[in-house]
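Chemist: Chain by chain, the residues run as shown.
Protein chains: 2
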Amino acid sequence: MVIQTVGTGAGFLLFGILIIAFLGIIQRYELAHLSIEKLNKIKRVLGHFVPLTAKNVIEKDPEKKGLLDKYIQDATILFLDIEGFTLLTQKYPQERINRVIESYFSIFFDLIQKRGGDINETAGDGMMVIFQDPDPALHAKNATQTALEIQAECVKVSQNGDSDLFPIRTNIGIHSGEVYLGSTKMRGSEGERWTYTASGPVTVLAARLADYASEGQILIGEETAERVEKLFSLNPIGKVPLKNINDSGEVYEISSNH
Amino acid sequence: MVIQTVGTGAGFLLFGILIIAFLGIIQRYELAHLSIEKLNKIKRVLGHFVPLTAKNVIEKDPEKKGLLDKYIQDATILFLDIEGFTLLTQKYPQERINRVIESYFSIFFDLIQKRGGDINETAGDGMMVIFQDPDPALHAKNATQTALEIQAECVKVSQNGDSDLFPIRTNIGIHSGEVYLGSTKMRGSEGERWTYTASGPVTVLAARLADYASEGQILIGEETAERVEKLFSLNPIGKVPLKNINDSGEVYEISSNH
Chain A
0 MVIQTVGTGA
10 GFLLFGILII
20 AFLGIIQRYE
30 LAHLSIEKLN
40 KIKRVLGHFV
50 PLTAKNVIEK
60 DPEKKGLLDK
70 YIQDATILFL
80 DIEGFTLLTQ
90 KYPQERINRV
100 IESYFSIFFD
110 LIQKRGGDIN
120 ETAGDGMMVI
130 FQDPDPALHA
140 KNATQTALEI
150 QAECVKVSQN
160 GDSDLFPIRT
170 NIGIHSGEVY
180 LGSTKMRGSE
190 GERWTYTASG
200 PVTVLAARLA
210 DYASEGQILI
220 GEETAERVEK
230 LFSLNPIGKV
240 PLKNINDSGE
250 VYEISSNH
Chain B
0 MVIQTVGTGA
10 GFLLFGILII
20 AFLGIIQRYE
30 LAHLSIEKLN
40 KIKRVLGHFV
50 PLTAKNVIEK
60 DPEKKGLLDK
70 YIQDATILFL
80 DIEGFTLLTQ
90 KYPQERINRV
100 IESYFSIFFD
110 LIQKRGGDIN
120 ETAGDGMMVI
130 FQDPDPALHA
140 KNATQTALEI
150 QAECVKVSQN
160 GDSDLFPIRT
170 NIGIHSGEVY
180 LGSTKMRGSE
190 GERWTYTASG
200 PVTVLAARLA
210 DYASEGQILI
220 GEETAERVEK
230 LFSLNPIGKV
240 PLKNINDSGE
250 VYEISSNH
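Residue numbers (numbering that gives the first Met the number 0), protein chains in the order written: chain A, 0 to 257; chain B, 0 to 257.
Honestly, the hints are just simulated from the structure, not real lab data. Fair warning: this is a prediction, and the values are worked out from it, not measured in the lab. Each residue gets a CB set at the ideal place from its N, CA and C atoms; glycine is no exception. Hints may be right or wrong, so weigh each one.
[Said to hold, decoys possible] Stretch-level coverage of chain B by chain A, calculated; a stretch enters the list once three of its residues show a Cβ under 8 Å from a Cβ in chain A:
hint, region
1, 26–36
2, 74–86
3, 142–149
[Unchecked claim] Examples of chain B residues lying across from chain A (beta carbon under 8 Å, computed):
hint, residue
4, Lys40
5, Phe48
6, Leu66
7, Phe104
8, Ser105
9, Gln112
10, Gly123
11, Tyr179
12, Thr183
13, Lys184
14, Gly187
15, Ser198
16, Pro200
17, Val203
[Claimed, not checked] Pairs of lysine to aspartate or glutamate, DMTMM-like flavour, derived with a Cα cap of 25 Å:
hint, chain 1, residue 1, chain 2, residue 2
18, B, Lys113, B, Glu94
19, B, Lys37, A, Glu101
20, B, Lys37, A, Glu62
21, A, Lys155, A, Glu82
22, A, Lys242, B, Glu191
23, A, Lys113, A, Glu94
24, B, Lys59, A, Glu36
25, B, Lys42, A, Asp68
26, A, Lys184, B, Glu222
27, B, Lys155, B, Glu94
28, A, Lys90, A, Glu214
29, A, Lys59, B, Glu58
30, A, Lys37, B, Glu191
Could you build all of it, start to finish, from the sequences and the hints given here?
Modeler: Here it is in structure tokens:
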């Protein structure tokens with residue numbers, strides 16, 4: 000009887016301990032679950048700031064050695080600037096300018112994403128976009144097609160008098176070839192700051208062509224032109240003078256209007 | 000006896016169920032723990048792409064209504080460009096250029112962070128930095144001080160013949176005042192792309208001053224000059240012609256050399 004009571008007592012004690020441990024674990028699991036939920040939300044919003052290509056690589060394996068280190072790759076680079084943006088900022092209130100830019104950029108972003116482009120930088124009135132694909136002809140085509148679609152969209156909005164969006168024109172420069180692609184990594188004593196980009200002469204030429212373009216032109220470099228000449232009607236404009244560039248190569252204009 | 004056996008049997012059964020549930024929960028907790036670890040790693044790397052000010056806001060409350068929406072705020076904007084970068088990209092191999100840029104930018108990043116500045120954009124050879132503080136005189140001072148430190152560091156490296164870093168000069172433009180600060184949000188059908196920036200005429204003037212600066216100059220706008228004139232020796236250079244800007248205001252040069 001005594002032994003049995005002790006046995007039952009020990010049983011209850013063990014049972015009690017188990018219940019407490021169980022509840023403790025459940026509570027920790029719930030906390031962990033909450034953490035996961037919050038972390039996922041933070042991850043999602045931080046992810047808005049990261050170009051898609053880079054984000055996919057990071058989410059796959061954030062501890063990969065040499066993560067996003069730069070390497071030479073064939074790509075097509077597109078630069079886009081809104082014409083006369085500085086004048087617009089002096090003419091309209093900031094809030095309206097911002098709403099208009101966000102609306103246009105959202106439209107462009109959609110067109111860019113659908114053709115596999117990745118916005119890696121924006122700068123007030125402009126953006127840089129990287130098009131990649133194992134097929135060098137395909138990313139050149141995708142970039143050119145996107146530029147034409149952006150141009151057509153701007154024309155469409157300008158013809159719609161009801162729109163809250165005032166008309167804009169985008170000057171675009173495109174060039175293809177080998178770029179040095181990956182993250183520029185700044186390492187400070189209190190943390191790191193990375194940006195994802197494509198560097199080198201191909202990028203510089205694309206940027207300069209966008210600077211040189213006016214009145215909503217799309218200018219493409221020789222290498223891109225060679226890859227897409229059978230697909231679009233190209234208008235050769237010869238060599239053009241570009242700041243700090245000795246030889247622009249043959250430059251072509253392309254337009255959705257013909 | 001039968002009742003007792005049944006009781007003991009039920010006890011064992013309950014005990015068994017509890018143990019299994021317990022182990023199940025522990026396993027799920029461990030999985031949750033692993034997820035948390037991986038999520039934290041992903042969050043950390045994604046965070047490298049996000050300006051510190053924006054990152055802090057997101058990590059505090061990723062679900063906040065109007066998260067990082069733009070609002071008018073007083074700030075000092077600094078633009079920095081490496082002089083003759085296009086020429087450098089034609090002279091040296093990409094890999095070396097990249098190593099040099101990363102080294103310099105890491106030095107600058109450190110100096111910028113120590114004075115509370117936030118690199119919000121980079122573009123190959125340049126960067127945009129936002130200085131904020133409740134005290135309008137303090138962020139103007141911090142930006143100016145940072146520019147002088149960056150200039151001094153470039154001079155120091157150029158005098159060190161042993162360095163793997165070839166000498167560079169940075170052209171810097173600084174301006175203070177009300178900017179429209181927050182995230183530009185591009186919303187596409189397949190996701191969102193945000194960038195953190197300060198928009199408006201103050202930013203445009205700072206950018207144009209950096210463009211106008213040459214040979215490693217630091218040029219500051221009138222509003223910044225008024226806020227820091229008692230702290231630094233300013234060299235007035237009058238009004239300067241800037242693209243698409245009617246009136247540059249009085250522009251001042253500042254130098255660490257005197």
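Chemist: Now look at each hint and say whether the structure bears it out.
Modeler: Structure-based check of each hint:
1. Here the region 26–36 of chain B counts 6 residues with a CB under 8 Å from a CB of chain A, which clears the bar of 3, and the coverage holds.
2. Under a criterion of three residues with beta carbons nearer than 8 Å to beta carbons of chain A, the stated coverage of the region 74–86 of chain B is upheld, 3 such residues being counted.
3. Figure legend: the region 142–149 of chain B, annotated as covered by chain A; annotation inconsistent (0 residues with Cβ-Cβ distances under 8 Å, at least 3 required).
4. Because the closest C-beta pair between lysine 40 (chain B) and chain A is about 4 Å apart, less than 8 Å, the hint holds.
5. Of the supplied interface hints, the one on phenylalanine 48 (chain B) holds, with its beta-carbon coming within about 5 Å of a beta-carbon of chain A, less than 8 Å.
6. A hinted interface residue such as leucine 66 (chain B) counts as satisfied when its beta carbon comes closer than 8 Å to some beta carbon of chain A; here the least separation is about 7 Å, so the hint holds.
7. The criterion of a C-beta within 8 Å of any C-beta in chain A is met by phenylalanine 104 (chain B), whose closest approach is roughly 5 Å, and the hint holds.
8. About 5 Å separates the beta-carbon of serine 105 (chain B) from the nearest beta-carbon of chain A, less than 8 Å, and the hint is met.
9. Checking glutamine 112 (chain B) against chain A: minimum C-beta separation of about 5 Å stays under 8 Å; hint holds.
10. Taking 8 Å as the C-beta cut-off, the interface hint given for glycine 123 (chain B) holds, the closest approach to chain A being about 6 Å.
11. Against a cut-off of 8 Å between C-beta atoms, the interface hint on tyrosine 179 (chain B) holds, since the closest Cβ of chain A lies about 4 Å away.
12. A distance limit of 8 Å between C-beta atoms decides the matter here; for threonine 183 (chain B) the minimum to chain A is near 6 Å, and the interface restraint holds.
13. Checking lysine 184 (chain B) against chain A: minimum C-beta separation of about 6 Å stays under 8 Å; hint holds.
14. For glycine 187 (chain B), the suggested interface contact is upheld, since its CB lies about 4 Å from the closest CB of chain A, less than 8 Å.
15. This hint holds: serine 198 (chain B) has a C-beta 6 Å from the nearest C-beta of chain A, less than the 8 Å allowed.
16. At a threshold of 8 Å, the smallest CB-CB gap from proline 200 (chain B) to chain A is about 6 Å, leaving the interface hint in force.
17. Taking 8 Å as the C-beta cut-off, the interface hint given for valine 203 (chain B) holds, the closest approach to chain A being about 5 Å.
18. About 29 Å separates the Cα atoms of lysine 113 (chain B) and glutamate 94 (chain B), which puts this hinted pair outside 25 Å; it is violated.
19. A C-alpha spacing of about 33 Å is found between lysine 37 (chain B) and glutamate 101 (chain A), which places the hinted pair above 25 Å, so the restraint is violated.
20. Annotation: proposed proximity of lysine 37 (chain B) to glutamate 62 (chain A) holds, straight-line Cα distance about 9 Å (limit 25 Å).
21. For the hint pairing lysine 155 (chain A) with glutamate 82 (chain A), the CA-to-CA distance comes to about 17 Å; that is within 25 Å, so the pair holds.
22. Pair hint lysine 242 (chain A) plus glutamate 191 (chain B) does not hold up; C-alpha atoms about 34 Å apart against a cutoff of 25 Å.
23. Of the supplied pair hints, the one linking lysine 113 (chain A) and glutamate 94 (chain A) is violated, its CA atoms being roughly 29 Å apart against a limit of 25 Å.
24. For the proposed pair lysine 59 (chain B) and glutamate 36 (chain A), the alpha carbon gap of about 14 Å is at most 25 Å, so the pair holds.
25. Distance restraint check for lysine 42 (chain B) and aspartate 68 (chain A): the Cα-Cα separation of roughly 18 Å lies within the 25 Å cut-off, and the hinted pair is therefore satisfied.
26. Taking the CA atoms of lysine 184 (chain A) and glutamate 222 (chain B), the gap is near 33 Å; set against the 25 Å cutoff, the hint is violated.
27. This hinted pair checks out: lysine 155 (chain B) and glutamate 94 (chain B) have alpha carbons roughly 23 Å apart, not beyond 25 Å.
28. For the hint pairing lysine 90 (chain A) with glutamate 214 (chain A), the CA-to-CA distance comes to about 19 Å; that is within 25 Å, so the pair holds.
29. Annotation: proposed proximity of lysine 59 (chain A) to glutamate 58 (chain B) holds, straight-line Cα distance about 21 Å (limit 25 Å).
30. Proximity of lysine 37 (chain A) to glutamate 191 (chain B) is assessed by CA-CA distance (about 19 Å); at most 25 Å being required, the pair is judged to hold.
Going down the numbered hints, you'll see the structure goes against 3, 18, 19, 22, 23, 26, while the others check out.
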